[in-house]
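Novice: Sequence:
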Amino acid sequence: MPELPEVETMRRGVASVAGLEIRRVEFPRIKARPIVVSPSRETFRRKVRGRKIDGVGRIGKRVVLSLDDGHSLILEPRMTGLVLLADPPSPEHLRLRLALAGKRNRELLFWDRRGLGCVHLLTPQQLAHLRDHKLGPDALEISAEQLRERLKRSRRAIKVALLDQAVIAGVGNLYASELLHVAGVHPRRRCDRLTIDQWRRIHQAMQEVLHEAIRYEGSTLSDGTYRNALNQAGGYQNAHRVYDKAGQPCPQCQTKITRIVQAQRSTFFCSQCQRQSRK
DNA sequence: CATATGTCCTGAGAGC
DNA sequence: TGCTCTCAGGACATAT
-12 MPELPEVETM
-2 RRGVASVAGL
8 EIRRVEFPRI
18 KARPIVVSPS
28 RETFRRKVRG
38 RKIDGVGRIG
48 KRVVLSLDDG
58 HSLILEPRMT
68 GLVLLADPPS
78 PEHLRLRLAL
88 AGKRNRELLF
98 WDRRGLGCVH
108 LLTPQQLAHL
118 RDHKLGPDAL
128 EISAEQLRER
138 LKRSRRAIKV
148 ALLDQAVIAG
158 VGNLYASELL
168 HVAGVHPRRR
178 CDRLTIDQWR
188 RIHQAMQEVL
198 HEAIRYEGST
208 LSDGTYRNAL
218 NQAGGYQNAH
228 RVYDKAGQPC
238 PQCQTKITRI
248 VQAQRSTFFC
258 SQCQRQSRK
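Numbering of the first sequence is given in the working numbering, commencing with residue -12 and proceeding in unit increments.
Quick caveat, the hints were computed from the structure, so don't treat them as lab data. No experiment lies behind these values; they were computed from the predicted model shown. Glycine residues also receive a C-beta, built at the ideal position from the N, C-alpha and C atoms. Hints are not guaranteed to be accurate.
As the list claims (entries may be wrong) - No farther apart than 35 Å at their CA atoms in a straight line, the calculated lysine-lysine pairs in the DSBU-like style are these:
1) 121 - 39
2) 243 - 232
3) 139 - 34
4) 232 - 139
5) 121 - 34
6) 121 - 139
7) 121 - 232
Unchecked claim - Using C-beta positions, here's what the derived DEER-type ranges look like:
8) 211 - 234: 33 to 41 Å
9) 23 - 183: 39 to 47 Å
10) 29 - 238: 46 to 54 Å
11) 187 - 16: 49 to 57 Å
Construct the complete structure from the given sequences, taking the supplied hints into account.
Specialist: Below you can see the structure in the form of structure tokens.
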């Protein structure tokens, strides 16, 4: 589930590793299938060991460790991956350990219960390709005009389009539902039928919701998987308006929240606050 | 090209 | 109680 707010929280939580050297690279021996790594493990280990971490950044839903030789170490949590400086939730799903030099000996861990996440070492050219061609502008950087320009001719439903990382990077299933509720836009509304005012409201709601969620350090859902870098739960789940609240009253108007499925994913909305005119 | 669908994965929870 | 089944949704591969 980690989306922009959760990944940004992970990034901030491990930002203190900047300046440290990676002394050892370990792939713990676990029963589960090893984490997907490119290039090969041997090459990865050889190229990462001994490098200094110059900075800790984020691209969309990925944490980026900039190394002192120009390469970038990409940590991609996908559904259940965590980037940790503390002990992981369980030992058996630890996928990668980076032992760091420093005053106190520290470790940066990648833990993933389901194993859909992955780790990559990218050249500057590969990083540029990821940033400029595979992903759209960051959800916190994009302007309302840019957002509309990118989608105004699309026939897709706005909820589905917001999940397309090539259009806009960082929004996932949870925050798409939440921000459309704040914007008062029906999730099935086609992009090419949204008004300029609706685009402005979507953009504004996106900024508000994402910043608010970062302030609360992300959402830890009922399965409890998401944790910050110190293995602590986030707090934004208590502020959710519609996500996973089918049948419960809308916080604005008390109408029961509706659940629908779009592109094989759950969407939650209020049929009163997010009225549908024409799709 | 744009859009839609299938796939990977594990553990929680439902239902019998 | 204990078993089987379904579901959750990141990104990518493949299909339409």
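Novice: If a hint holds in the structure, say so; if it doesn't, say that too.
Specialist: Right, here's what the structure says about each hint:
1. 121 - 39: Distance ~27 Å between residue 121 and residue 39 Cα, so the pair holds.
2. 243 - 232: This hinted pair holds, its Cα atoms lying about 9 Å apart.
3. 139 - 34: Judged against 35 Å, a Cα distance of about 44 Å means the pair is violated.
4. 232 - 139: holds, 30 Å
5. 121 - 34: holds, 24 Å
6. 121 - 139: Since the Cα atoms of residue 121 and residue 139 sit roughly 20 Å apart, the hinted pair holds (cutoff 35 Å).
7. 121 - 232: Answer holds: residue 121 to residue 232 is near 33 Å, not above 35 Å.
8. 211 - 234: 33 to 41 Å: violated, 22 Å
9. 23 - 183: 39 to 47 Å: holds, 42 Å
10. 29 - 238: 46 to 54 Å: Holds, at about 53 Å.
11. 187 - 16: 49 to 57 Å: holds, 53 Å
Consistency with the previously given hints fails for numbers 3 and 8, ordered from lowest to highest.
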